[in-house]
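*Asks:* Here are the chains, one letter per residue:
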Amino acid sequence: MNTEIRGADLKLLRLSKSFGQTSVLSHLDLDIKPGEFVAIVGRSGCGKSTLLRLISGLDRPTSGGVLVDGEPLHQLNPSARIMFQDSRLLFWCRVLENVGLGLRGDWRPKALDMLAQVGLADRSQDWIAVLSGGQRQRVALARALVSQPRLLLLDEPLGALDALTRIEMQSLIEQLWLEKQFTTLLITHDVEESVVLADRVLLLEAGQVTMDIDIPLSRPRYRGDPAFGRLVEQILSRVLKSHSSVKNQFQLAESGSHF
Amino acid sequence: MATKGLKKSLNHPIIPWLVPVGFLLIWQFLSQIGWLSNRVLPPPTDVIQAAITLTLSGELFKHILISTQRAIAGFIVGGIIGVSLGLLNGISFRAEKFLDTSLQMIRNIPHLALIPLVILWFGIGEEAKLFLVSFGVFFPLYINTFYGIKTVDAGLIEMGKVYGLNSWGLFWQVILPGALPSILVGVRYGLGIMWLTLIVAETIAANSGIGYMAMNAREFMRTDIVVLSILMYALLGKLADAIACGLEAKLLQWHPSYQ
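Read top to bottom, the protein sequences are chains A and B. Heads up: the first sequence at position 189 corresponds to 189 in this note's numbering, and the numbers run straight through without jumps. Heads up: the second sequence at position 224 corresponds to 483 in this note's numbering, and the numbers run straight through without jumps.
Just chain B, with the same shape it has in the complex (with noise of 0.2 angstroms):
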């Protein structure tokens, strides 16, 4: 009975923000008592406070849109790109013979070391972040598209074909679906490398989006403003996040694991 009611009152909404808040509240103590010099980190009020002030000037609500539209640009061209090519070369075995071994290859370059060479390519200019956050994405997508055809239950399309379902419908109803599970954790390590780049790409070589706006706000000693901006990044990180959870929810109702 106990460990019921206990189990009870772990589902409850509020238990997974109790951290987080605790941890607010002995911060803001800390900034209050002097223990935390405003240099090195500003209290939660001030945060808020930049917040508010930035939000109202609608620089906040600027930077904030720059950067999701680079993200999402960045990732349906990546994303786009890493499924097509993940699925050519998980059904023919020829493309995978000719294209797998190179792709692999490049795969090990990490990708935030080309920034050098991107800003000597297309300079600092949106092209520069679409060109980035594509190259990161395609890679998880690409994987786990191959790899998630390519371990779709060969007994599954032999039955297929015992029952009369042509190349399409083999690909419809039993290979996609089949690798819909791969596909989607692709995705959210997709998500993941998205904003992960964009954070570099725009703390390095941009003229706004958030990562502009807190190495902006660093010259000017304004820890406030760095901190919103990194919190910002965990809230859309979050939030993408969240999509990619409801899209696995909604796509793999069928699951065991989602049941």
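Next up, chain A with everything else stripped away, as it sits in the complex (with noise of 0.2 angstroms):
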């Protein structure tokens, strides 16, 4: 449609958040590029969706800050869209509404199209409530992205799908993004995932980024192929070893205490 760059380019510079005595971010640096996917993995309580939140606006960062394409970040990100686990969805509009939501002018022909898009056109009438799980996040998907975002943030969007539907959505989310060219961030537990959607895969520890490496397969990406084994195999080796050295480290110190 258009020749310009669609997504956004972010920067975070010393980015740290904390909570009373509490850090979850320290001086985190990262720079993602203009139309990139990039995931992030890590325990719960590693700080994602804290970062999520300081990204898209929601949160102000304690110290350090986000810039969007070199702008400071000083309010709500008006060039992000949140996907969210729970699609929070608004129950008391229908499907087309919910798709709208937010939009100005003459929103219905944009919201349906985009419902077309997610594959859900013939349902743009109903209630939210007489749709199952995997049809709610499409809607959230197509809510997200009719306002045609340069950066979309999904945290964990498909945490709470069944198998078979979460590969559905993985693959409706690619084409999408490969469509449209926003820049991506994703949270997941899913290591496997990471490897299906991103370019780049950080591994986020204690408020630290403590991994960062490529996923220079070709797409669509095939889960049988070797080389997608080998590096999910390598980033859940590294995700695990974290773990366990940060728990030796604690039964050091307990040990240590004993003298």
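Worth flagging that the hints you see were computed from the coordinates, not collected in a lab. Just so you know, these numbers come straight off a predicted model, no measurement behind them. Every residue gets a Cβ at the ideal spot worked out from N, C-alpha and C, and that includes glycine. Among these hints, one or two may not hold up.
No farther apart than 25 angstroms at their CA atoms in a straight line, the calculated lysine to any residue pairs in the SDA-like style are these [to be verified]: (1) K420(B) - Q234(A); (2) K420(B) - F91(A); (3) K110(A) - P440(B); (4) K420(B) - D225(A).
Footprint (simulated), chain A over chain B, 3 or more residues, beta carbon under 8 angstroms [to be verified]: (5) 369–378; (6) 410–424.
Computed footprint of chain B on chain A; a stretch qualifies when at least three of its residues, placed anywhere within it, have a C-beta under 8 angstroms from a C-beta of chain B [said to hold, decoys possible]: (7) 20–26; (8) 84–93.
Make one complex out of these two single chains by using the hints.
*Replies:* Below is the structure:
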């Protein structure tokens, strides 16, 4: 449709966030190119969601900052849309109205078109309550993309879906991303999912990026591919090792305290 | 199969009426064989006769009209004040701090206990009834609106902000519809209290209305008219409840429990 660069350029500069005494993110530096698909993996409580909230502008950093296309972010990020794990749809609006939420002017054709792209054109007049979990996430995806965001933030959007629906949704997200070229940040627990979708996988630990690897596989990616398996294995063992090393440190500290 | 047939026949519109009609038949029978004295309870046929006479004279209609007008006026005044204050305190933290405690204190006064004072203030005129009904209706609507707004999913409000809704949009599209089920519960409670208050007020201090008709009939030992008045209250109460149910079904179409 237009040839200008669709994706937002995102830079995090010594980004820190603490809640009271607890530091969640500390001096995080990160550079994400326009149109890049980055996945962030990490254990619960590693600060993934906090990071996403800072990038969306929902929370303010304690120090450091977020640059969107070189501009420091001071308020809600207007070029970003978040897709949440719980779809957060409005039950009192029909599917189409949910997709068009926040749009102005003649939004119906746009919303309908987007709904068709996620394969739910025939459900536009349904209530949310009658949709399945997977369909709800499709509506949420359509809602996120209808305003043509330049940055899509995915906060474990497929975490609550069954395995088959999840695979379907992954290829849908990949297809729409290839088409529209928005910058994407995916937070996930699922290492395999990160390798299927992302150009780059980051591991977030104790408020720091402790691993940053490129996924050079061609798309679409096949889970049966040996190179795919090796990458998953590599990331997974790194995630698990880091956990056990942290645990060892604790054990050492504990045994040390006896002396 | 048998249970299915039973379930189907239980859906017949006549089923809910079997118990009341049976009750009436037994009542009539007991009156006719003299078990029930006319002074205690007149037979249903006498009540019907009274209804016909009073309808033909226009008196019944006049009293019903006056009572209904009082009920509606009180409900509108109390309802508007209750919902407005509930919205205000639900949305504004400052207003809540300032007003909620006082309102909760006043709530603990049984509003019917104010009758002696209200008669001193307003005499037995319309203002007295309007005041008492409004006062009674106010609290269920206030409380349910307030809590309805307080319990709107914070995640949805956050989502609305990310999706570009301003405060006005957030209120109309997220907060108010989210609080509506609770507000409608308040409406139903309010309607119940509306009739209760009106009955008491009309019985104690009035010179027209159904309550007055009953008290007047008591003076002349016309138990048939007393029973008729009670039945009128029951019917009007049922009517109000049916309207509230219809309103719920219409406004909460989206709600899972209405699908």
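*Asks:* Hints first: check each against the structure and report whether it holds.
*Replies:* Evaluation of the provided hints:
Restraint check for K420(B) and Q234(A): not satisfied, since their Cα atoms lie roughly 39 angstroms apart, outside the 25 angstroms limit. Of the pairs offered as hints, the one joining K420(B) and F91(A) holds, with about 17 angstroms between alpha carbons and a cut-off of 25 angstroms not exceeded. Taken as a hint, the K110(A) and P440(B) pair is broken in the structure, with Cα atoms around 31 angstroms apart against an allowance of 25 angstroms. Between K420(B) and D225(A) the CA atoms are separated by roughly 42 angstroms; this puts the pair beyond 25 angstroms, and the hint is violated.
With 0 residues bearing a CB less than 8 angstroms from a CB of chain A, the stretch 369–378 of chain B misses the requirement of three and the coverage assertion fails. Given a C-beta distance limit of less than 8 angstroms, the hint that chain A covers the stretch 410–424 of chain B holds, as 11 residues qualify and 3 suffice. Counting residues of the stretch 20–26 of chain A whose C-beta lies closer than 8 angstroms to any C-beta of chain B gives 0; at least three are required, and the coverage claim is violated. Counting residues of the stretch 84–93 of chain A whose beta carbon lies closer than 8 angstroms to any beta carbon of chain B gives 7, which meets the minimum of three for the stated coverage.
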